[in-house]
Structures are given as structure tokens and as C-alpha cells.
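K.L.:
Please build the complete structure, drawing on both the sequences and the hints.
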Amino acid sequence: MKTNTVISPDICFHCGEDCVIDTVRFDEKNFCCQGCKSAYQILDESDLCGYYDLESNPGINLKNVKHRARFDYLEDEEVINRISDYQDDSRISVTLNIPNIHCTSCVWLLENLQKLEPGVLQSEVNFLKKELSVLIDSNNTSLRNVVEQLVTIGYEPEIRLEKLDSKTEKSHQNRSLWLKMGVAGFAFGNIMLFSFPDYLDTTGSGLGGDFHLFFGALNIILALPVLIYSSSDYLKSAFAALSQRGVNLDVPISIGIVALFTRSVYEIVTLTGTGYMDSFTGLIFFLLIGKLVQQKTFHRLSFNRDYRSYLPIAVNVLNEHGEEYSVSLDKLTPDKQIRLRNQELVPCDSTLLSDEAFMDYSFITGESEPVRVKKGDQIFAGGRLIGNAALFKTEEKVTNSYLTKLWNHEAFQNNDKELKLTTFADKISPYFTVAVLGIAFFSGLYWLQTAGVEPALSVFTAVLIIACPCALALSTPFTLGSALNLLSLNGLFVKNHLLIENLSKATSIVFDKTGTLTESEAAEVTLFGDELSSQEEIWVKSACKNSIHPLSRKISFYLKDVIARGSVNEVNKPRVNLPSMATGSIQGDRFVEQFSSSTSTIDAPRDDRAILKNFEEQPGKGIYAEIEGALICLGSRSFVAGQSGMKLNEIPETNFKGSTVHLSINGVYRGFFGIKAGLRNGISELLQNIKEKFSLYLLSGDNEAQRSDFTHYFGSKDSLLFNKKPEEKLEFITQLQENGDQVIMVGDGLNDAGALKKSDFGIALADDISSFAPACDAILEGDSLKNLGVFIKFSNQSMNIIIASFVLSLLYNTIGLGFAVTGNLSPLVAAILMPLSSISVMIFTFLTTRYFARKGGLAIWK
Amino acid sequence: MEVIYMLIGFSLLVALIFLGLFFWAVRSGQFDDQHTPSMRVLFDSKDSSSKKSNHNQKHRDE
Chain A
2 MKTNTVISPD
12 ICFHCGEDCV
22 IDTVRFDEKN
32 FCCQGCKSAY
42 QILDESDLCG
52 YYDLESNPGI
62 NLKNVKHRAR
72 FDYLEDEEVI
82 NRISDYQDDS
92 RISVTLNIPN
102 IHCTSCVWLL
112 ENLQKLEPGV
122 LQSEVNFLKK
132 ELSVLIDSNN
142 TSLRNVVEQL
152 VTIGYEPEIR
162 LEKLDSKTEK
172 SHQNRSLWLK
182 MGVAGFAFGN
192 IMLFSFPDYL
202 DTTGSGLGGD
212 FHLFFGALNI
222 ILALPVLIYS
232 SSDYLKSAFA
242 ALSQRGVNLD
252 VPISIGIVAL
262 FTRSVYEIVT
272 LTGTGYMDSF
282 TGLIFFLLIG
292 KLVQQKTFHR
302 LSFNRDYRSY
312 LPIAVNVLNE
322 HGEEYSVSLD
332 KLTPDKQIRL
342 RNQELVPCDS
352 TLLSDEAFMD
362 YSFITGESEP
372 VRVKKGDQIF
382 AGGRLIGNAA
392 LFKTEEKVTN
402 SYLTKLWNHE
412 AFQNNDKELK
422 LTTFADKISP
432 YFTVAVLGIA
442 FFSGLYWLQT
452 AGVEPALSVF
462 TAVLIIACPC
472 ALALSTPFTL
482 GSALNLLSLN
492 GLFVKNHLLI
502 ENLSKATSIV
512 FDKTGTLTES
522 EAAEVTLFGD
532 ELSSQEEIWV
542 KSACKNSIHP
552 LSRKISFYLK
562 DVIARGSVNE
572 VNKPRVNLPS
582 MATGSIQGDR
592 FVEQFSSSTS
602 TIDAPRDDRA
612 ILKNFEEQPG
622 KGIYAEIEGA
632 LICLGSRSFV
642 AGQSGMKLNE
652 IPETNFKGST
662 VHLSINGVYR
672 GFFGIKAGLR
682 NGISELLQNI
692 KEKFSLYLLS
702 GDNEAQRSDF
712 THYFGSKDSL
722 LFNKKPEEKL
732 EFITQLQENG
742 DQVIMVGDGL
752 NDAGALKKSD
762 FGIALADDIS
772 SFAPACDAIL
782 EGDSLKNLGV
792 FIKFSNQSMN
802 IIIASFVLSL
812 LYNTIGLGFA
822 VTGNLSPLVA
832 AILMPLSSIS
842 VMIFTFLTTR
852 YFARKGGLAI
862 WK
Chain B
15 MEVIYMLIGF
25 SLLVALIFLG
35 LFFWAVRSGQ
45 FDDQHTPSMR
55 VLFDSKDSSS
65 KKSNHNQKHR
75 DE
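So the sequences go chain by chain: A and B. Take the first sequence: its position 55, counted from the start at 1, is 56 in the numbering used here, and no numbers get skipped. Take the second sequence: its position 31, counted from the start at 1, is 45 in the numbering used here, and no numbers get skipped.
Simulated from the structure, these hints should not be mistaken for laboratory data. Glycine included, C-beta positions come from ideal geometry on N, C-alpha and C. Just so you know, not all the hints are guaranteed correct.
[What the hints assert, rightly or not] So the derived list for chain B, only partly shown, Cβ under 10 Å to chain A, looks like this: (1) Gly43; (2) Thr50; (3) Arg54.
P.N.:
This is the structure we're talking about:
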């Protein structure tokens, strides 16, 4: 990484992007745009330039911010009240989700927010959750001011509709577990020390009887809080299970706990022995560690999102005088005029009042191409407006819209798939409990007949103690916790460790197409027309690089490859001939504005760039650039014709299936770029590998244009389904399940939400894991989809590891039972055997999961 | 050997103080977020006035 003292001449000091169009110079530093400059200015004035010292070029690029979102609604008392965590006369405490938090500098800047905005009393960042908690002095400033200040420096908070209805959960539930563990650990350590003299000297003569009693009493005092406080969860759970006439694993554990404690107290009080207090506290301590491992979740990911976290919190409504004001969505009524801008979502079913607009429904229906709508057409909620701002009239309330209807389906009513999950441990625990009680009774009876009441009771309790399934209880959380970690290292973030079992049982896998198997970034670009000279290639690439339109970026990427290849070997340059042109297709006019997320494109060597003199971009139509005297014009047919002074019919219409971008250089038509959504990297290998083992299905909301691309992978015709509505997807999954299949659904959009929810293991694919993903069981990074087969295999192996560690812990139990039934279970044996079994199960699961992960080719280190 | 009564008493007292400190640490939220504090270490004292201005940074300094 470069140090910040060396400022490369054309890299933006604020955000680190190349300064392509015009470099803004200020304070002897270069900025790529006015936005970045003013952000720097603000920070400079407030003496916050330490921001630039922690990381080089840490800022967020502000070039793509076309207009500021309006935050009028943050003035509304009711809204403030509903989104704040706490509010009184003078102070407001609120937790904001800021997706842009990405580095140390961000944390530093945001925690020094009071220098920018004196009304901020306190600000604290949680980096993993990407959250900022601010405490605001409402006499000094307003929530709106603070949020707008955040927007100016590039940290726009994401305030979504769901925020209205739910107070931010504070993650305090973990605190009591830590405290319980602390108490158990404290008691465990001290009791071990106090028990030590007794182990050395079992007759109790060396130190004298007083010490024996003293240590015994101390042990009881120390063990009491462990029984009452630390082990309360197990006792309560066992009691609850028994009162419902069920048996879970907590029942034998609780029997063990109670037996351990009462037997120990009895021995100490009657001065007959030293008791098992060290084993008792150690047992609880290890169990709680297991519980802590089990509770590990991925805070920054939310798995339970629905449409409310997709929609914004407010929308701009026009009043009678045509003035805009913002209204929170739950107050939006039908028959209102709303104005939306590029990239904004339609919050409820509406009709278009403007003449024309382009809507991107890919997230809602799975259609890959934006749709053109005309005045008076109905527009469904959830569509994203692409291009120029447009006016809409609302038709329905947000809660009655098409998008929200899906959530009324029963699949969303009885959720909590994981509640139905029972672990292997829970399944065998009834048998286990019966077996343990049986052995305890029979050996007790045997000793009663041969030796009398006292030895019989002692053997009875010894069996209960040693059979306490501590290691059994640990094997599941440790194996699956370890598997969960390994999977997350490789890009699969599973919501709950119990769900791994569902993954391992899968028999069929259903894929969504748009955005899942295909990826807009992995586009196939082909140039139809005359070959460009290498000089022209550089011109076109430079022009495209300046545009943030996804199609331009794809062309620029494509040309970068061509240029790189060309410089190695001129002969290898692919030559594509002009295909036969057909008439009557509207596909040719598709050049539509759609911003993708503002990820920066990493750049090629500098020598393939040319200096732009003039650059103009018409959203939704095309770009026009003047480079080194050449006029480059790229875009739709009509745009290119208009700009280069040609007649429309000079440019041929095409029958290319996909997006087309026409090109003219110096007023001469040169052909067009055909762009098709390509398969994600590694998908064909994945499909090839898993099609033997699983039944694969393709379930798409898009049209059949790409059917032929997939028939090769999906065998029979029935497994390729197109034009499916969200409800139909859900029904398809239900059908598969009724046929006895365990279904994995892989999807990415809201249109898959029902299917993801219904399936046994729903995987939402996200290129940026902190961005919106519909409700699911796991979030998978786009690049890791190719490893899906390996993940399933690994989850299978994890289930086997659990069984193996069960066997291991049963082995320990059998050895211990040998001691117990023969009446030889001394406290020393128990104190060695019980922790040993727990620790060896931990080590065993840790090592074996890593071994299998490595064998399967997964990363086991960061 | 009676001194052991006293020594044990003291050792328990020390252990209890640590347990109390652990309770305080958990209750004050130090175990809630285990990642961000590791980043705060990197904020050096170039601008020393910023240290005292912030509640959670004060904790770090103590």
C-alpha cells in the first residue's frame, strides 16, 4: 500500500479513484470531483485531517451522487420518536446503519463527529455491524442536520422502512452468558485449588480435620452460585422439557448436575469424602463455553429481511402547488403524486404520469432487461426507476401492493425453520436418559443386596455423575460452530449452526437465473462490425471509462482485455464479421441508464489512456466524447444518429439477443457492441460436477431467451422453468418437498424470497454481503457459488464428525461407568475423566473439521 | 498452619475483586463488540484533544 505522503499526480486524495475528467486542485491536492473536494474541505476546516493519516485515500467517492436524498421526514416528531432508541426533552439517541463504513479511518472520523457537528454528544461505531450510535443534543442540532452532515462526508445512513417499526435490538443477551461463564470459571479455578490438598492426602490426616471441613465449606459456598446462577439455563430447560413430557439432552445433564451437587454436599457435610465440586463447576464451565460457541452469529448480516428493509423510509410527494415534501411510507395514501429520481424505488403500485420511464424489475421479477413504460401504465412496487426523474400517481397503500402480497403467504407466517430442527443429540437423549437411569438402578440394586444402603446410594449417584453427557452436549455446538467458521471463511455465511444439517441432507438444488447463475458483471461483449485500430480502441475505452453506466463499463473492461491481448500478439485479435442485420426489432434501442454499485474499477497501465477534451453523457441514451481530435459517440441508435448527423436508417437494426451499443467515430458508423449477461465464473464447472449427485432445476422469472445456454447442464426439459412468478416459485419448491426432496434454493432477488423461505436451505447470493439480501438461511458471496458442491460435501462430513465425537464421548462414559458400577469412582477419577472427555471432544472436532475442509479444498485460514 | 485461613481469605478476596472487575467489564459493554476496539488502538495521539472528547475512547485510555 502506498503511504499517504506520496501523492500520485492523478489519484484523488479523498477517495483514491483516478481523476479522469477534470482534476480539481485544492490545497495542493488533487480531487476527482467537487464532491470529494468539499468533503476534504469540511474535514480540513474541522481539523479532522487525521482521517487521511490512518489509511491512504479512505474517502467515499462522491462523484456518483447525483442529487441528495431528502431528509425532510427526519423533522417529523413521530418519525424521530419511532426510529430513535431513546428520546427525552434534550437528547436523542439513535442507531444508524451506514453501509459505507469500511476502514479504520471511517471509525475514527465517525467517532469524532462532534467536531463537525457540535450538537453530537457521543458517537460510537460498531464496525462489524456497520452501525453508528449517536447521542444528539436536540437543543443544539437536529437529527436531520446530523444525517445531512453524514451524507456530505460520504456516509449516508441507510434508513429503511423496517426501522420505523422496530427499535434496534441491543445485543445484551450475550452479556448474561458471559457473566455465567465468569462465575463458573471463577468457582472452578478456586475449587480446584481447595480440592488439591485432599487429592494428595486422601486420609485427611496431614492437614487436620479442620482444614478438611474449612475447604469443604468453602467449596459449597463457591459452588452454590454456580448451581443457582450459571447452570440455571440447563435446569430450566430440562424442567420445561419434562413438564411437556419430552426429554432433551438437558435432562440427563440436569440429572448429572443435581446428582453431583447433592452427593458432594452430602459427603462434605457428613465428613465422608471430599465431594465432586471441582468436577461440577468444571462441567458447567465447559458447557457454557459450548453455549457461547453456539451463540456466535454474524451480526453484520441480517437474515430476516423482508420488503420493509428494501423500501426506503420516505418518499417525495408533490402538493397542489407542485412543491416537494417527504412523507414516511406508512402514511402514504393512494392518489398522491410522487416524484422519483434515478435509482429510486417505487414504494407502492402506481401509474406513470410522465411520458416515458425505464423500470428495472430484476430484483422483483427476475427480468434481466429494464422495461420501458409509457404514460398511464401501471408500475409495481419495488421497481427501480432508471434514468430521468419521473412523476407517479400512487394507486395502493404500501401494505396492499404487489410486492407486499407475497409476504402474506403462509410460508412467511409460520417461520422459524430452526425451531423445528432437532439435533442428533436431542434425538438420542431419551434413549440415553433411560439407559443411564437403568444402569444406575440396576447397579444400585446389586450393591443394595450385596453391601447395603450406603454403598448402593453411592454407586447410584456415581453412575449418574459419570454418565452426565457433557461431552455429548459439546460435540454438536463445537463441530457445527467450527464448520460455521470454516464456511464463513470461504464465503458462505450460515444463519444458525443447526441449519448445516439441512444443507447436508439436500437432494435437489434449485437455481434462480438472473443475478445468480448469470452475472451482469461477467458479460460477454462482442463487437459486430469493422475491427477497430488500436488507437481507436484506446479512444473508445477512455470514453467508456468516464461513464458510470454499466454497459460502458463492460465495454471498457472488454476493450482493456483486447488491448492487453493485442499488445502481446497482434495476430490473435479476434475478428468478428458484421452479421446479417434484421429489421423490426426494438432490442437495438436498449441503452438504458442503470448504475451499479459504485465499486471502483482497478486500473490498467496508464499508457492505454487518452486525454478527454470533452465528455457528455445523456442518461439512458448514450455518451459523446472528444478525444485527441476524434469524436466518439456511443449509445442507442437514435442517439448515435442524432449526434453524428446520420439518418436513423443508416444505422442498421439488429436482432441481437441482449443489449446493444452502437458506435460511431468521427461521424462514421463503425458497428455495435453486443452485450449478453454471462455465466458467473466457475458456474459451468459447478453444474457439471453436481449434476450427477443432485437433481438440478432452473427457476427463473425471466423469459426463455437464454434457454439454450442452459439445456446442456440441466438434463431434462422439465427442469428448466422460465417466466415464473414469485408465488409459482414458492409452489414449485413446495411440490418438490412433497415428493420427498430436501431442497436447496439459491437466489438473489425479492422474487426468490418465498422460495428461499420455503426451501429447506435458502441461500441468498450477494456480491456485497452487507447489501440487501432477502430472508434466507445463508448468505453466499457471489464468487463462492462455484464451491457450492464442496460446501455440501463438507456439511455431510461435519455431520459424520458429530457422530464420531458422540462415539468418542460414549467411550469415555463407558470407562467412567466401569469405575462407577464397581464402586471405585473417587473424586480424583471424576475430576480427571470429566474435563478430559470435554477437552478431547473439543480438540477432536476442531482438528477433524479442519482436516476435511482442507481435503475438500476450502481455506482454513484467513 | 493456621495462617492458611488468612491466606486463603486473602486469595479469595483478590479473586473476588477480579470477578467483580469482569462483571463490570461485561456490564459496561466491553464484550459486546470485540472488533472495533482493536481498530481504535490505531488512533494515535497526534491530535490529543480528540481523546478526551469521546466517552468510549476514554475507556481505552484508562
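K.L.:
Would the stated hint for Thr50 of chain B survive a check requiring a Cβ distance to chain A of less than 10 Å?
P.N.:
holds, 4 Å
K.L.:
Min Cβ distance, Gly43 of chain B to chain A: is it shorter than 10 Å?
P.N.:
holds, 8 Å
K.L.:
Arg54 of chain B was flagged as interface toward chain A. Is the shortest Cβ-Cβ separation under 10 Å?
P.N.:
Given a least distance of 7 Å, the restraint on Arg54 of chain B holds.
In the structure shown, no violation is registered for any of the earlier numbered hints.
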